[in-house]
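> Let the sequences and hints guide you as you build the complete structure.
When the letters of the sequence shown are read in order and numbered with our numbering, they come out as residues 6 to 110.
Hints in this document: simulated from the structure, not taken from any laboratory.
Every residue gets a Cβ at the ideal spot worked out from N, C-alpha and C, and that includes glycine.
It is possible that some hints are incorrect.
[As the list claims (entries may be wrong)] Cross-link-like lysine-lysine pairs, in silico, DSS-like; alpha carbons within 30 Å at most:
1. Lys50 - Lys25
2. Lys56 - Lys77
3. Lys56 - Lys20
4. Lys10 - Lys20
5. Lys84 - Lys10
6. Lys10 - Lys56
7. Lys84 - Lys50
8. Lys56 - Lys41
9. Lys47 - Lys25
10. Lys10 - Lys43
11. Lys43 - Lys77
12. Lys10 - Lys47
13. Lys77 - Lys41
14. Lys56 - Lys84
15. Lys77 - Lys10
16. Lys20 - Lys47
17. Lys41 - Lys84
18. Lys41 - Lys20
19. Lys84 - Lys20
20. Lys77 - Lys47
21. Lys47 - Lys84
22. Lys17 - Lys56
23. Lys47 - Lys17
24. Lys10 - Lys41
25. Lys17 - Lys77
26. Lys43 - Lys25
27. Lys50 - Lys77
28. Lys25 - Lys54
29. Lys41 - Lys54
30. Lys43 - Lys54
31. Lys20 - Lys43
[As the list claims (entries may be wrong)] Estimated spans, in silico, between C-beta atoms of each pair:
32. Asn18 - Arg64: 15 to 21 Å
33. Arg91 - Glu51: 15 to 21 Å
34. Ile88 - Thr67: 26 to 32 Å
35. Glu12 - Thr67: 52 to 58 Å
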Amino acid sequence: FEQSKREREIRKNQKVITIKEVRLSATIEDHDVDVKFKNAVKFLKEGNKVKVTIRFRGRQITHSEIGREVMKDFAERIKDVGIVERAPLIEGRNMTMIISPRESN
Numbered sequence: 006f007e008q009s010k011r012e013r014e015i016r017k018n019q020k021v022i023t024i025k026e027v028r029l030s031a032t033i034e035d036h037d038v039d040v041k042f043k044n045a046v047k048f049l050k051e052g053n054k055v056k057v058t059i060r061f062r063g064r065q066i067t068h069s070e071i072g073r074e075v076m077k078d079f080a081e082r083i084k085d086v087g088i089v090e091r092a093p094l095i096e097g098r099n100m101t102m103i104i105s106p107r108e109s110n
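Here you go:
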């Protein structure tokens with residue numbers, strides 16, 4: 006009984022890390038990036054991982070380098086708060102990048 010009580014207590018105190026998603030577009034404006042950046046920082050400070058996604062629409066997929074630039078800019082902005090866990094990767098029509106919080110938060 007005591008052991009099960011201890012196990013329950015340990016399970017209760019465990020922090021569950023969830024992945025929050027921030028969606029960008031390849032043609033996003035600067036202020037919109039600022040708003041998404043603030044949301045991502047809030048998620049990282051809560052201890053969650055952030056998945057940054059760019060959805061390419063129509064012919065945008067042929068210019069994926071534009072999306073890569075947006076991702077690179079976003080990663081550069083967020084480097085004080087988070088670490089890029091998985092570099093930008095194209096999966097179908099989406100480009101995703103995963104950022105995990107820094108330990109110092």
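> Kindly indicate which numbered hints from before are broken by the structure, ordering the numbers from low to high.
Hints 5, 6, 10, 12, 15, 24, 25 and 32 contradicted; others consistent.
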